[in-house]
Amino acid sequence: MDNRFDVELVSVTKRYGTTLAVDDISLRIPRGTYCCLLGPSGCGKTTTLRMIAGHEAVTEGDILIHGENVSDLPPVKRGTAMMFQSYALFPHMNCLDNVAFSLKMRGVAKKERHAKAREFLELVHMGSYAERLPAQLSGGQQQRIALARALINRPRVLLLDEPLSALDPFLRTKVREELKRLQRELGITFIHVTHSQDEAMALADLMVVMEAGHIRQAAQPREIFERPVSPFIARFIGSHNVLRFDTGPIAVRADRCRLGAAGEGPHVNGQVVAVEYQGAMVRVAVMTEAGDEVSALVPDQAFYRKPAEPGDPATLVWAPEDTHALVES
Amino acid sequence: MAAIRASEKRPWTFYALATLFVAFLLFLYGPMFVIYILSFQGPNGGVTFPMVGVSLTWFHEVFQKEQMANLPVAFVRSVELATVVCILTVVFSVAAGLGFRRRFPGSGVLFYIAVASLVMPSLLVGFGIGLGFQFLGWQTSLFTSALGAQLTWTLPFGLFAMFAVVNRFNRSWEEAATDLGASAWQRLRYVTLPILAPGIFGVAMGAFTLSYDEYARTTLTIGPKNTLPLEIYALISSASSPTLFAIGTLTTAVSFTAIIATLIIVTRMQRRRAALRA
Amino acid sequence: MISDAVTSILPSRLLASGERRTRRGRLPPWMVSWAQVAPMALVLVVLFALPTILFLVVSFYDWDRVGIYPAFILDNYRDLLTTPATWRVYVSSLRFAAIVWAVTLFLGFNIAYFLIFHVRSKITRTVLFLLCAIPFWTSGIIRTIAWIPFLGRNGAFNTMLMMAGITSKPLEFLLFSDFAVIITYVHLFTLLMVGPIANSMAKIDKALLEAAIDAGASRWRVMVDVVIPLSKTGIVLGSILVFTQVMGDYFVVKQMSGGQSASIVSMLSTEIQAMQYPPAAANAMVLVVFVALLVAAMMKVVDVRKELVK
Chain V
693 MDNRFDVELV SVTKRYGTTL AVDDISLRIP RGTYCCLLGP SGCGKTTTLR MIAGHEAVTE
753 GDILIHGENV SDLPPVKRGT AMMFQSYALF PHMNCLDNVA FSLKMRGVAK KERHAKAREF
813 LELVHMGSYA ERLPAQLSGG QQQRIALARA LINRPRVLLL DEPLSALDPF LRTKVREELK
873 RLQRELGITF IHVTHSQDEA MALADLMVVM EAGHIRQAAQ PREIFERPVS PFIARFIGSH
933 NVLRFDTGPI AVRADRCRLG AAGEGPHVNG QVVAVEYQGA MVRVAVMTEA GDEVSALVPD
993 QAFYRKPAEP GDPATLVWAP EDTHALVES
Chain W
27 MAAIRASEKR PWTFYALATL FVAFLLFLYG PMFVIYILSF QGPNGGVTFP MVGVSLTWFH
87 EVFQKEQMAN LPVAFVRSVE LATVVCILTV VFSVAAGLGF RRRFPGSGVL FYIAVASLVM
147 PSLLVGFGIG LGFQFLGWQT SLFTSALGAQ LTWTLPFGLF AMFAVVNRFN RSWEEAATDL
207 GASAWQRLRY VTLPILAPGI FGVAMGAFTL SYDEYARTTL TIGPKNTLPL EIYALISSAS
267 SPTLFAIGTL TTAVSFTAII ATLIIVTRMQ RRRAALRA
Chain S
4 MISDAVTSIL PSRLLASGER RTRRGRLPPW MVSWAQVAPM ALVLVVLFAL PTILFLVVSF
64 YDWDRVGIYP AFILDNYRDL LTTPATWRVY VSSLRFAAIV WAVTLFLGFN IAYFLIFHVR
124 SKITRTVLFL LCAIPFWTSG IIRTIAWIPF LGRNGAFNTM LMMAGITSKP LEFLLFSDFA
184 VIITYVHLFT LLMVGPIANS MAKIDKALLE AAIDAGASRW RVMVDVVIPL SKTGIVLGSI
244 LVFTQVMGDY FVVKQMSGGQ SASIVSMLST EIQAMQYPPA AANAMVLVVF VALLVAAMMK
304 VVDVRKELVK
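Residue numbers (this note's numbering), protein chains in the order written: chain V, 693 to 1021; chain W, 27 to 304; chain S, 4 to 313.
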């Protein structure tokens, strides 16, 4: 049977006692996809990941991997591998033994499993650190070891729980590129949980935005950024102004707004509350008469031709085609 | 080098507390050193100063067969009992410590039973068990009633010590092991126990010492054959000679050797995995 | 393309039924926990809870010089509670407990504070802590009698005092007195206070103290508003341990008071030796209830379970 999907969630629900952590979500992740589960904390994204991994039991619904229902299988039989948020490297084993751990569990002879583990250490460029203990490595290095440990079983799906959150911002961008490269080289599906929309946009082929146990929107990052479905999505994804008109809520990108005058098209009146210089752009925050805070990202040249100060009255205008209607959630 | 920075200067409280600490150490060790010295009292000396010569008379006395109490035998018995108590305490309290990581029906009741067992006046535990044995017509003995009485004391201790150990244990280590294909047993053997090892070692040490020195719980449950603390107690009531001090010096020496050995083992363990401390 | 695949209606093959079948091969977590705590639970129930219930039952039995007889009489309790000696012993034990508690709390808190906040090197701290702990590995009996040659009439302390010219005659009150009892208790039990308090203090983020000082708090205010509230668990645990140890003592009072004071347990042990089990059991029950109330009152201050388990 042809399976176009690596992972399928079918009406998956997770309840802890009476609290609903994940509410009846369905999702299909095509082959070889970099999928990011994105959402504010407590939205159920980590629970979803852990259910796919098999560390949480599914209350209702099914999880399929490569077309096979794995809902009742233990983690190791699912063909998934997980990279934990704090990496969960075994503190009492050196890097080589950490990477070789799963082979040891399967009874692979020492020589063979060490050779294999070295191969994977090379894959993540950590070959020279084989004898080190995890505590003797930096955060980025620990992460590579965790990656090698997860990949050694040749998983069909790699699950990453906030893999970049423990790294400094500088390193984060670098590791991000590396994850993407690795995913492309290995051609397997990565499911990556994050709360950072930048991270998700930079990495994802498929971006899944969750809130309160529901999937609010799942699409390519560009699709979500250009056509957010609800005020929540528009706000969460950032760089959008959400405005309420009689016809319903609309979103308009901040970089498509400028300071102008009424009569130039769709607009909203208010007062400048803050001006932030961001280099190429200047962000002008405006409090509307309705009490919404909106902002315009204006190119610096345009701004300094006609600067504004906090307290000045301002009118935010944009082109009619930039108005994007939202569905009230 | 530059002068000491202002922030490096110690506040007056440091000196006050340091003085208190030193005074406390003197208080702690002073009397002990007095008995160590007096245990080398000459053959004609008494239980107080001055020293009348120096001799090993009183140490010989300890090992005399005609002594009312047979200390070497009691010592061996104490060590045997302490070893068994230690093993059972480690196994039971490690298991229970892991079990208490989640709430389960009855966890509250069991917790408070453990607290009660720990704070119960020791002699009363022995009294209850002794009474129970009498009702059932059983003879109290070293490895039945006495062992049980000591466990009611070492197990809660072990459990509470394990709470501290388990709290520092990161659950995702176990999940990672499961993820990587370890069976429940392999996970315990290769991940959980090795990571918890230093803490478990502490529990073992504590349980052994508590048992080895235990007196009040054991006295009503021991049956005919005494452990070392009971023998010593019998000696105190019957004799007052520097022999007592010699026993004190000897038991301290034994404890000390045990501590040093333990420390060496622990340091080795920790060096092998500086990881856990970082 | 991808968005088409997402959240589409799924083939009927993958029906997710509302009724969930039981997950194969997985015990519910609470059952695993039960299996793990079972051995300990069994020991504590059989060897602690049942015997306690047993002497509760026996405390209502009738007795005479020959034996004990199943009955339900309150005489044992009445006799016990109407004897002035009982009250005297309880008052005296409580007094000891209160004094020893105050002294060990003072010492324990300050020593713990010194070790945690003043000692900067980790190695030094470990060594100093070990220095406090090592005597604990010596038998309590030995540590008790160690005070005899120290405090006695011709003891080391008196000799030192006289040599230093502070006193001309040996002090008589040192040994076989309440003073000797208290000093021995403090010697035996201070570590029980230091340990838990130091444990609590070690968990305090040092930045909190700095934040308090930045906010203009004096050393004293930092102590009262930050350090003490955050070491409460340790203080309560240490207090429980010291209090119950003193209340349950059997040996120290007997050995060190020179017969001037008695402890509740030594009174009880006399009855046990005389095989007067029902009155001994009644006595034990009263003590158990008393200790339980004290401990419960102290545990009201802090949810010890919450602090310990998570």
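Misleading hints may appear alongside valid ones.
[Claimed, not checked] Derived list of chain S stretches under chain W, where covered just means 3 residues or more per stretch with a C-beta under 8 Å from a C-beta of chain W:
id	region
1	50–57
2	208–215
3	245–252
It should be emphasised that the hints constitute simulated quantities derived from the structure, not laboratory data. A quick note: this is a predicted structure, and the numbers were derived from the prediction, not measured. Virtual Cβ for every residue (Gly too), placed ideally from N, Cα, C.
Each hint, compared with the structure:
no., hint, result
1, 50–57, "holds (count 7)"
2, 208–215, "violated (count 0)"
3, 245–252, "holds (count 3)"
Checked against the numbered hints given earlier, this structure breaks only hint 2.
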